[in-house]
Structure formats: structure tokens, C-alpha cells
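Trainee: Residues per chain, in single letters:
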Amino acid sequence: MNSSLLLSAATFIYALASVFYIGSFSFKKQAFARLGFWVIVIGLVANTCGILLRWLESYQMGYGHAPFSNMYESLVFFSWTAAALYVFVEFKYKESIIGVFVSPLIFLGIAYASFDPSITSKITPLIPALKSNWLIAHVITCFLGYAGFALAFGFSFMYFIKPKDAGTISLFAKLPEWDVIDELTYQMIVFGFLFLTIGIITGSVWANSAWGKYWSWDPKETWSLITWFIYAIFLHLRLMRGWHGKNLAVVSIIGFLGVLFTYFGVNFFLSGLHSYA
Amino acid sequence: MKQKDSFADQIWMFFASVKLTVYTLVLLALTSIIGTVLLQNGSPEAYIRLYGPGLYNMIQVLHLDRMYQAWWFLLLMVVLCVNIVVCSIDRLSATWKIIFPKNISVNPRRFENVKNRQQFECHLPMDRVAQQAKQVLAARAAGKVIEKTGETGLFVYAEKGRWSRLGVYVVHASVLMLLAGALIGSALGFKANLRLDEGQTADTVFNAYTRLPIKLPFTVRCNDFQVKFYDTGAPDEFKSSLTILENNQESFTEDILVNHPLRYKGINIFQASYGATTPDEAVFEITDNKTGTVETHTIKNAGAVPLPSGAGSFIFEGFLPHYNFNGHNLGEAFIGRLDTTNGNNVQIVLPTRFPTFDKMRKGRFTVEVKSWDHAYYTGLQVTKDPGVPFVYTGFLLMIIGCWVTFFVSHQSVCIGLEQAGSGNTRVWVAGRANRNAQSTNLTVKKLVKELKDVSGK
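Residue numbers (the working numbering), protein chains in the order written: chain U, 1 to 277; chain L, 1001 to 1457.
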């Protein structure tokens, strides 16, 4: 048993969960969604063990570092945080169908890590810039933020599927009430915003001890700030201007595009200091 | 009748509006993108090569080559600050009255149409239930429990988290604190580069942007630089041993690594880069292709040795960390000079990665570098930023403020009691909050359960 095997297993388990959730949505079978939830929980267990085992393996190889050092490891961790947060939310709010757009995101993260040939899954030693106690704090907080935004994105999507008129017979299963979706999206964004804020701050303090400046307008920094601005706009529109529903969902989706560009776009299209992931 | 707003009022309202906040944030987000796709701090030649002279003109006019320091970008930040200040002053007086009221007034009517309101009857007289209700509420709420007699019966009220309404002001103050720190840093701080060979000392650094010299309050010496690699060839560790000297006296010696800078007297010294520098001596092998003689010499930097059969001399002239050969970087290379008695005087380059490189010259003598002691220079970044304590305070305030704003709410709970005849009491429980309704609903549920338990229902 090694970590790659466990993590590929987690990929397929998440795929299965997505199938159940989408099946439940399309065929109006609530039971499928209940099943999907437990499959996600199993996937989360496999994902957790995979990450812990990889950590152990890096010690056995003599490198000894937390598995947060490259694109592969960050994608695996992204799926883990999104799955963990989702399990918590479904458990707390008892709305199972909301996983229909979230479970595919969880699957896509870890699947992308496994199937893109340009992303290596090899355990490599830490480069000098990453050798710091800030690594764990920075990565965990940033990815909790990303997970919150990913879930908010998944929930916002429902505004474009659910018929406005309650009387209309929908092609799809019954989605939660509008105010529940609204509340969930807001809660996820608040959660994401707090952790993105802490993530940027820990990154900034780290940069000050590694590069000598807490802020240098590096593309990764700038794009994380742009994302922060978008969600700050979201919060002001909702809390101070009374925005809700579809209009606000659009802002949440734009925000998630910002997250995606900060995460992937910056590394693919722009060059900067933050080249590891 | 509504009075017409004066011009000053209109300006005030403009700067107090959330609309302005949203537009400013949108503009900041959109314009920030430019600097991530357009080269920053480049040379004019670089811009002309990349974008052409026409576009370069536009870049210069709009200061897009240093856009995060451009007047219009800073203006956006100033607008945001003014917006925050005016808006906070505008709202704070109202919030202040809510947070520190002269006396807390309880109005049970406010709880009449609350969604989470629950009602039930219990078989106990009203005064007994009131006692229980006070105890249950006192156990849950942080503040004191207020009792009030109304027309229909008795009300017991408690609340908590009134102060949490201040959280949002803390967040906004933290933004001002951050920007103040940034301003102090850019006015009184600097960022400079320093290149030190092993053994070299310096007390002056050069500003990274203006290239102007800056005198340090001490002298720094690089004793030694070491680079370690993993088996995979990836770099493991860069380490410079630095000694700080004051008044020609050694103060202390410290190793600096990436992520472990040296901080002294407000100056920070970071490990930034390194490179190879001219070794003190190297071993050269000189072959006379005419006679087949092979001689090996250890030559000091700038030293010379006679060539075989007295044909002239070979001089070790220098060292290049990156030798450019027809557009290819061949890496480290030694530079030598062959000065032969027949009047030939040629400079030769000896890339260490290609030992037979000099054979291609097809001269009478072929020179090859056999071994040498690696010598390094360390690339240090030297900074001073007196704004950092302000920025870090801002960071702390922002995290605390965000936490309070989003996760602590001003909650109030009211329990109403009415006589229901034959010693029974009708009880209702309802709660309100300025945010996070979910947790208030939960509190109401728990209160109802506890009340039912203690009143034997």
C-alpha cells in the first residue's frame, strides 16, 4: 500500500459520489444523494490516509516535509479541504442535494492531479524557499479559503438551474428553498473570506522573512488580492446594499473565477516568485 | 419637508456611500490585473521590444510600467481610505448608541413575528415558571437577565454580543493601519542589493531601484558561502556566514539562510542569490602539440607561467560565471592569455564544462583547466522597513475584526409568560440577532427544551 494508490482510490470514490449526486438530481431519487454522502465520506477517509501516508513516505525518503510542496500535492489537498468542508455543511444543514455541483468539483481537483501528465506525483525534496514553519499555516489557511469559495460556487450554480416559479414542474429534483441556498452561499463566502484573509496575511509575513518584503506585487500576490477584492465587493453588496439571489450569485461565480486564476492561471500564464503551486 | 442638501452635505454623502466603496473596489480589482500581465519596472528598451514605440508612449503616459506606484492607482487607494473614514464616522454614532445605550429597553412586541418563536403550556403557576426561566436564561446568556411585567403577563429577557457590532469598524481601521504602514515603509525604508565575495566587507549598499548608495550603521563581512544540493541535483540550502563589524570591532557572527535573515539595528539582511566568482588559484594543463610535451601548473589569479620549450608564457587572467558563446550560455569559464615569443598574443576562454574546448582553436598550445577551488559570492538583499510593525498590527486587527464581524452576533432572547387558567402557564420563547440567525434558532430550541425539562413537561 502506498500513498499514490490510496489517492487514486480516493479519485475514483469521489467520481462515484458525483455519479450518485448527479443521478439523484436527474432521476429525482433522494436515496441516491444519501448514498452519495456516505461515498464522499469514504473518499474523504481515503484522501486523508493518502495525505498522511505521503507525509510519512517523505520522511522515509529522508526529505521529511508536509505534503504541500507542489502542484500535485496542492490539488490533492484542495480536494481534501473541499470534501471535508462539504461533509461538515451537509451534516449541519441536512440538505443532501446541494452536493450536486460540489461533488464534481471535489472529483475534478484530485482527478486533475492524477491525470495531467505534466503534473508529477513524485515526492521531491523541499527547495530552500519553502523550508519554513509558515508553509503549513499558509497552505492550510489558503486552501480552507479556496474550499469555502468552491462550495459557494457550487451553491450559486443552483440559481441558474432551479426554476424561479415554485409551481413549475421541474425536470430535476427539488432543490432547497431560495433562502437556504442564499444563506449557504453567504456562509461559505464568509468562511472563505476569513481564511483567504489569513492565508494572504500568513503568506505576507512569510514573504517578509524569505524575500525581505511583505508585499512585492508578485502576480500570485496581486491575484489573491484581486480575489479578495471581489469577495469584499460581494459582502458589501449583500450586507449593505441588500443584494441577493441571482445577481449576487453572479458575483460569487466571478469570485471563483478569480480563485481559479490565482490558483492555476498565474502559474500557467504569468511568471513570478510563487512558481511551486 | 425635506431640506435641500448643501454642497458640503452632498460631498459628505458621496464619500459615505457604499456605492463608492463598491465602485472603488471594482476599479482596484480591474486595474490591478494590468500590472500582472504587463512587464513592471522594465527598461525602456524592453518595453519597445515587447510592445513597440507607440504602445510604449501610452505605457509611459499612464505610468503602467510602475502601475502600483502610479498616481492614479494611489489615488484609488486614497479614495478608499477617505470612503472608509467618512463612512465610519457617519455610522459610528448610531452604532455607538446601540452598543452603549443609556438603559436597555425591552420591547416584547419585537419578538412577536419572529420565525423561530415557539409556544407551549406547562402545568405550573406563573411565578414558579418565571423563576425557572430566569435560571435557564442566566445560564445561557452572558449579560444580566431583565424582568419586565407587561399587560398580559411577565417577560424575561437577556442578550449578548452587543459589542460585536464594533467588529466591522475594526476591519476598516485595519485597512487604514496597513496602508499607513505601507506609506511609512515607502517613505523611510529601502530595499537594496549587496554582492559580497567570500572574505569581502562592505558598509554601503545600493538601492535596488534608484541605484543610489546607502550607508549602513555597521559593516558586514561575508566569511563563507556554502551551497548544498540534494542527490537529485535540486538545491537544498544556501548559507552565508556573516560577521557584523562596528568601529572596526567584530560584534557577532551569524549564518543566514533563505527564510532565516539577519536582523540588526532595523536593517534586515536576506539570502537572495549566489554565484561563482574568480578562484584564487587553479591547476592548468598545457600541451605543446608540436613536441607532445604536457605540463601541469598551479597558477594564482593574475599569475603567469612559462610555456614549454621557452616559447613564451601563459597568464591566468580571469573568470566568467556565465560564458556566452554564440548565444549559448556555456557556464563557468576561465580566461587565459597565450603570449608567445613569436609575437602571437591571444586571449583564450576555457569553459570548465567542456575540457577539450581549447582544442578547437587548433593552436600550437592547448590549455585545459584540471581543477580549482570553487569560490562564491553571496547575493544579499538588504532592507529597512519601519512600517512593518504597523502592517503587522493591521494584520492582527483584520483577522480579529473579520472573526468578530462574521462569527459573533448581537443576540437577544425573550421568554414571555401568561396565566392560562387552572394554575397553568402559557410560555413562548423567541430570539433575534443582527446576523447568524442559524445560531439564534438553535439557542431558542435549546431554551425550549430546557424549560420543558425543568417544568416537568
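The hints are simulated quantities; they were obtained by calculation from the structure and are not laboratory data.
Mixed in with the good hints there might be a few duds.
Just some of the chain L residues that point at chain U, by a computed CB distance under 8 Å [unchecked claim]: (1) 1166; (2) 1167; (3) 1270.
Only some residues are given here: those of chain U computed to face chain L with a beta carbon under 7 Å [unchecked claim]: (4) 122; (5) 125; (6) 129; (7) 131; (8) 132; (9) 198; (10) 210; (11) 219; (12) 226; (13) 230; (14) 232; (15) 233; (16) 236; (17) 244; (18) 247.
Everything numeric in this text was worked out from a predicted model, so none of it was measured.
The C-beta atom is built at its ideal place from N, Cα and C for all residues, glycine as well.
Trainee: Using Cβ atoms only, decide whether residue 1166 of chain L comes closer than 8 Å to chain U, and label the hint accordingly.
Mentor: violated, 15 Å
Trainee: Tell me if residue 1167 of chain L is really an interface residue toward chain U, meaning its C-beta lies closer than 8 Å to one of theirs.
Mentor: violated, 12 Å
Trainee: Against chain U, run the beta carbon of residue 1270 of chain L and see if the smallest gap drops under 8 Å.
Mentor: At 4 Å from the nearest chain U Cβ, residue 1270 of chain L passes the 8 Å test, so the hint holds.
Trainee: Minimum Cβ distance from residue 129 of chain U to chain L below 7 Å?
Mentor: holds, 5 Å
Trainee: Hint validation: residue 236 of chain U versus chain L, beta carbon distance must be below 7 Å. Holds or violated?
Mentor: This hint holds: residue 236 of chain U lies near chain L, its Cβ roughly 6 Å from the closest one there, short of 7 Å.
Trainee: Does residue 132 of chain U pass the interface hint, meaning its C-beta sits closer than 7 Å to a C-beta of chain L?
Mentor: Constraint on residue 132 of chain U satisfied, holds at 4 Å.
Trainee: Mind checking the CB of residue 125 of chain U against every CB in chain L and telling me if the closest is under 7 Å?
Mentor: Status holds, d = 5 Å.
Trainee: Hint check: is the beta carbon of residue 131 of chain U less than 7 Å from a beta carbon of chain L?
Mentor: Constraint on residue 131 of chain U satisfied, holds at 6 Å.
Trainee: Does the closest beta carbon of chain L sit nearer than 7 Å to the beta carbon of residue 210 of chain U?
Mentor: Holds, about 5 Å.
Trainee: Classify the hint on residue 232 of chain U as holds or violated, based on whether any CB of chain L lies nearer than 7 Å to its CB.
Mentor: Holds, because the Cβ-Cβ distance from residue 232 of chain U to chain L comes to roughly 6 Å (cut-off 7 Å).
Trainee: Is the interface hint satisfied for residue 122 of chain U? The criterion is a beta-carbon contact with chain L at less than 7 Å.
Mentor: violated, 9 Å
Trainee: Hey, does the residue 219 of chain U contact hint survive, CB to chain L under 7 Å?
Mentor: holds, 4 Å
Against the hints set out earlier in the document, violations occur for numbers 1, 2, 4, 17, 18.
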